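J.: If you want the building blocks of each chain, they are given just below.
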Amino acid sequence: MRTVQKPDPAERFAAMLRIRRFEEQCILLSRAGRFPGHYHVYIGQEATAVTACAALGEEDFVFSTWRNHGHLLARGAAPDRMMAEILGKSGGYARGKSGTLHMAVRALGVPSTSALVGGSLPLATGAALACKRRGSGIAVAFFGDAALEEGACYEAMILASLWQLPILFVCENNSIPPAQRKRGQYTSSTLPAARLADVPQALQLRAEVLDGTDADALAGGFERLAAEVRSGGGPRFVEVRCTRWPGSFPLWPELPSGEWKLAWAFGQNPDRADLAAWLEQSDPLSLYLRKQVAAGALTREQAQALDARITEEIAGAVRFALVSTYPAAEEAYRHVLAEGGPGR
Amino acid sequence: MRISFAEGLARAISESLAADPRVLLIGSGFVGLNTEARALLEPALREFSDRILVAPVSELALAGAGIGAALAGQRPAVDLSTGSFIFQAFAQVVNEAANVHYMSGGQSTAPVTFCSLAGMRGAGAAQHSHRTQAMLGQVPGLQVLLPGGAEDAYHLLKWSLLESPNPTVFISHALLLAETAELTEGAPMLPVGQARIRREGRDASIIASSITVPRALAAAQVLEREHGVSAEVVDLRSIAPLDRGTVLKSVAKTGRAVIADECNRSFGVAAEIAATLAEEGLASLKAPVRRVTVPDVPVPYSPPLEAELTVTAERIVAGVLHVLGRP
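Residue numbers (the working numbering), protein chains in the order written: chain X, 1 to 344; chain F, 345 to 671.
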């Protein structure tokens with residue numbers, strides 16, 4: 001029987017901050033030309049991955065998307081191997097063959113990551129079917145709001161509901177409100193549904209909305225939902241309302257006003273007004289820190305010490321990734337088919 | 345023991361369900377509308393009903409669920425029904441199943457079998473007559489098994505369900521279901537990835553697969569009887585892996601090659617075989633290779649129109665006479 005470890009506030013803050021600091025370095029490495037190709041960062045959604053994964057056990061499966069760094073870190077993946085993978089280096093989990101898009105760590109129950117919109121939902125449904133067959137474990141599918149624009153999403157929900165599978169669908173809704181949409185931004189979903197949690201209900205799939213800016217509310221919600229799914233209550237769908245971080249509005253992510261500063265959680269404002277407003281109202285990390293400090297559960301000094309430790313950890317991951325070598329040319333030919341099968 | 349192709353499928357499924365508790369069936373068609381085979385499959389469907397999932401018409405998610413269950417340790421077979429329906433599932437078959445092992449750097453495997461009953465089956469018209477083996481042969485990471493006889497239907501499907509570590513598209517042909525072959529109980533199967541010489545010959549090699557195998561054999565009989573020509577028939581058995589070695593060896597012996605393939609002419613299985621012969625077998629060829637394929641048009645409904653496009657024994661005979669310079 002698995003037991004959910006209740007993290008203390010310092011641990012939860014550290015887990016969210018680790019994602020934030022990792023993603024900041026990703027942006028800096030991309031801008032420095034250290035890796036090619038597009039990528040997606042998880043800044044502003046950290047509370048969702050951290051609290052959802054805290055409700056899971058080792059036997060559970062997690063499926064993610066192109067925006068997978070936060071989910072993997074929350075699941076316990078090593079930042080150095082992740083960063084090496086993002087840089088296409090041999091030290092990465094897939095020896096550079098997945099890059100940021102398909103990062104997976106089988107040993108952590110993340111067997112394959114699809115970067116196709118809606119692509120992971122059927123896979124997660126199948127993993128939940130396997131969990132039901134063996135009588136243990138659940139599957140969690142993380143996906144964005146745009147997945148609801150894909151048929152795969154509906155078909156997966158049909159199967160999950162029809163077969164009563166132990167799966168938790170986690171829709172991280174980070175869509176840009178219509179009024180804020182502008183030309184030249186990274187795309188946002190354009191669903192004609194105001195409340196995404198309404199959509200699955202017609203398929204007898206119970207759904208609810210959680211506030212993605214409130215880590216405590218999320219933790220309670222995920223603990224309850226995971227327990228319901230685990231106890232054979234059937235699938236659940238949750239729409240987590242996130243507010244897109246200003247750095248994720250442009251076509252390529254950027255760091256408005258630089259890296260996150262602890263002081264921003266305590267009244268000091270960054271120079272960008274849109275960022276200041278976002279930090280004040282919508283940043284799960286800043287809001288959580290401020291709340292815990294106000295409640296006396298964490299001191300600013302403790303938070304500073306944690307930040308120093310995590311910043312150094314991520315700096316170490318960057319160093320590891322930079323010195324890791326590129327894979328040898330032969331690597332391109334490996335893993336086309338699993339061993340034991342006929343050659344091609 | 346003589347069994348039909350459909351009975352071979354039913355037997356493979358029943359025995360695999362009994363042999364390995366990880367084998368699951370997503371859907372339960374598999375043997376088409378063949379009554380005897382359905383009756384043969386029925387006891388297993390009853391006995392293992394907890395491992396047989398009711399499948400709605402959601403090919404994309406059914407395929408994906410098969411992959412996901414395979415990633416999580418099961419060995420599912422997904423019934424994709426009529427071969428053309430695999431297009432509804434292409435995103436999962438082509439872009440997930442084929443890639444999981446590679447993208448994960450070898451961490452994950454997806455031993456799932458996608459079963460599809462494909463081909464020009466008669467009156468299927470444009471949307472139910474597709475042959476997808478050449479398209480799927482373009483996808484590294486997939487195995488494409490294409491039995492041309494009942495014994496291979498049995499052996500290849502059972503291998504895919506019980507032993508294959510990789511995702512497999514198993515393509516039966518609707519018109520092969522009633523074809524029969526001798527199955528020796530307990531005999532080892534010809535390894536996957538090896539073509540089968542269905543008939544030895546001296547004058548020309550006919551490279552066939554799936555439905556063109558019995559038609560090539562019929563053509564070889566006519567050639568022998570009416571034209572005194574000794575034709576060798578090579579049954580490819582699988583498109584991926586593709587046994588180029590056996591094809592080259594056969595053509596080295598006969599010096600002439602006719603490729604009978606139900607794919608459309610351009611970029612089909614025949615095109616790949618012809619390219620292989622051009623690259624690696626040119627010295628053996630006494631005449632240019634000849635492709636007997638379906639013209640590059642959609643499949644029409646009306647019987648005489650469909651017949652106009654079909655790779656028949658007569659057209660294979662004509663192809664062989666052509667490479668022998670006897671038009």
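Hints are supplied without guarantee of correctness; some may be wrong.
[Unchecked claim] Once the Cα atoms are required to be at most 25 angstroms apart in a straight line, the calculated DMTMM-like pairs of lysine to aspartate or glutamate come out as:
| hint | chain 1 | residue 1 | chain 2 | residue 2 |
| --- | --- | --- | --- | --- |
| 1 | F | K630 | F | E507 |
| 2 | F | K630 | F | E652 |
| 3 | X | K132 | F | E570 |
| 4 | X | K132 | F | D394 |
| 5 | X | K182 | X | E313 |
| 6 | F | K502 | X | E339 |
| 7 | X | K132 | F | E391 |
| 8 | X | K132 | F | E359 |
| 9 | X | K132 | F | D364 |
Keep in mind the hints are simulated off the structure, nothing from the lab. Please read all numbers here as calculations on a predicted model, not as lab measurements.
J.: Provide an ascending list of the numbers of those earlier hints which the structure does not satisfy.
T.: 1, 2, 3 and 5
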